[in-house]
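**Student:** Listed here are the chains, written in short residue letters.
There are 2 protein chains.
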Amino acid sequence: MTMKERIVVQASEMFIKSGIKAITMDDISRETGVSKRTIYEIFSDKDDLLRSCIGHMDAKFRKEKEDAQAKAKNIIDLVFTFIKIGVKAINIVNPLFNSDLKRYHYSIWKETYQMSSEMHRSHIQKVITRGIDEGLFRSNIDVGIVGMLLSEQLRIMSDENIFPSVRFSKAVIFENIVINFFRGIATKKGLELIEKYMDKEADELLTV
Amino acid sequence: MTMKERIVVQASEMFIKSGIKAITMDDISRETGVSKRTIYEIFSDKDDLLRSCIGHMDAKFRKEKEDAQAKAKNIIDLVFTFIKIGVKAINIVNPLFNSDLKRYHYSIWKETYQMSSEMHRSHIQKVITRGIDEGLFRSNIDVGIVGMLLSEQLRIMSDENIFPSVRFSKAVIFENIVINFFRGIATKKGLELIEKYMDKEADELLTV
Chain B
1 MTMKERIVVQ ASEMFIKSGI KAITMDDISR ETGVSKRTIY EIFSDKDDLL RSCIGHMDAK
61 FRKEKEDAQA KAKNIIDLVF TFIKIGVKAI NIVNPLFNSD LKRYHYSIWK ETYQMSSEMH
121 RSHIQKVITR GIDEGLFRSN IDVGIVGMLL SEQLRIMSDE NIFPSVRFSK AVIFENIVIN
181 FFRGIATKKG LELIEKYMDK EADELLTV
Chain Z
1 MTMKERIVVQ ASEMFIKSGI KAITMDDISR ETGVSKRTIY EIFSDKDDLL RSCIGHMDAK
61 FRKEKEDAQA KAKNIIDLVF TFIKIGVKAI NIVNPLFNSD LKRYHYSIWK ETYQMSSEMH
121 RSHIQKVITR GIDEGLFRSN IDVGIVGMLL SEQLRIMSDE NIFPSVRFSK AVIFENIVIN
181 FFRGIATKKG LELIEKYMDK EADELLTV
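If you read the sequences in order, they're chains B and Z.
Note that the first sequence ends on residue 208 in the numbering used here; no numbers are left out.
Note that the second sequence ends on residue 208 in the numbering used here; no numbers are left out.
No lab work stands behind these hints, which were simulated from the structure alone.
No distinction is drawn between identical chains; accordingly, a pair holds when it is met within one copy or between any pair of copies.
Derived DSS-like pairs (lysine-lysine); straight-line CA-CA distance at most 30 Å:
| no. | residue 1 | residue 2 |
| --- | --- | --- |
| 1 | K36 | K17 |
| 2 | K63 | K17 |
| 3 | K60 | K46 |
| 4 | K65 | K170 |
| 5 | K126 | K170 |
| 6 | K170 | K46 |
| 7 | K126 | K65 |
| 8 | K88 | K200 |
Working from the sequences, and respecting the hints, build out all of it.
**Tutor:** Below is the structure:
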């Protein structure tokens, strides 16, 4: 790992744990043992470092998804793996990370948000199409419309005006969205598999 | 019917058909055969008349819903009646009605929107609770969360940034939302009923 990579990995963990505003370049220098002068030789400013961190997190998340996709026995298996990845991410990432990003680094937030929603949407469409091919999702749904509906529900989940954190657990909302969504578009065979997974993973699932 | 009621009924029909901006007080006077002077004795201005029209439409829609609720044999029967009422409304109301209301009568739009979303949300929760009582919806769902998710999906449906009218039929989106949502929360018995209704009403349904 180069020094740049090491700084990015450690800074990413710090931002994820405590949000962005609370972490100063001094904190990062102390934690990594790299002098501030050297950090500023590699990254022009905190925004520059933050961009590298987001790129690193994205790549890690994408790899995790691709591995899951390759390993999954069928689409329902994959959906339940995604639920676990999603719940883990919700529990690990400090909500301040997203709110700080939007509030203090708006242009980075906007780039990230647009890129990730497009990636998200096309990924959802691929998952639904694979499920139809496997005979587990109904073939008579409009993939464009239902894909958009899932992606919008996942966006709404983080909207404090709709689901204020003080009243709702994000992880519970997430499970409600994903499980009900896939039950909604499942064929009879798909539904039987969902029930089987829900029984099997009942201990790990928060809701239902 | 009083003269006031007659004006409200006819003006409502005109607004629904052509939007709000295109209809002048002169048009309403001509159509109703009531002089503009008399109209202005009853309504202080177009906003005042518009408020009465919205009150009238709301009452009509609420009565239609209550009648359906009283007549329905079970919750799935009711859901399919709602789908028909909803698709009819989407097809009858000129999209300009909502966009004109928001653009040119923002304070009325805001009142109406807030009132109707609250009414909407509490109504959805009642429907879901009735379905659980009838054993047709799963009892282990979070009524607050899933109710909010349905109500938000129905709001998104009209968002031109998400579902531009030129590419998506509102009625098709509406059916996708409602049918997938209720399939998602249905028990086995509920799902069998949904399938039965979908076969029976296949000619009338646009999608699925």
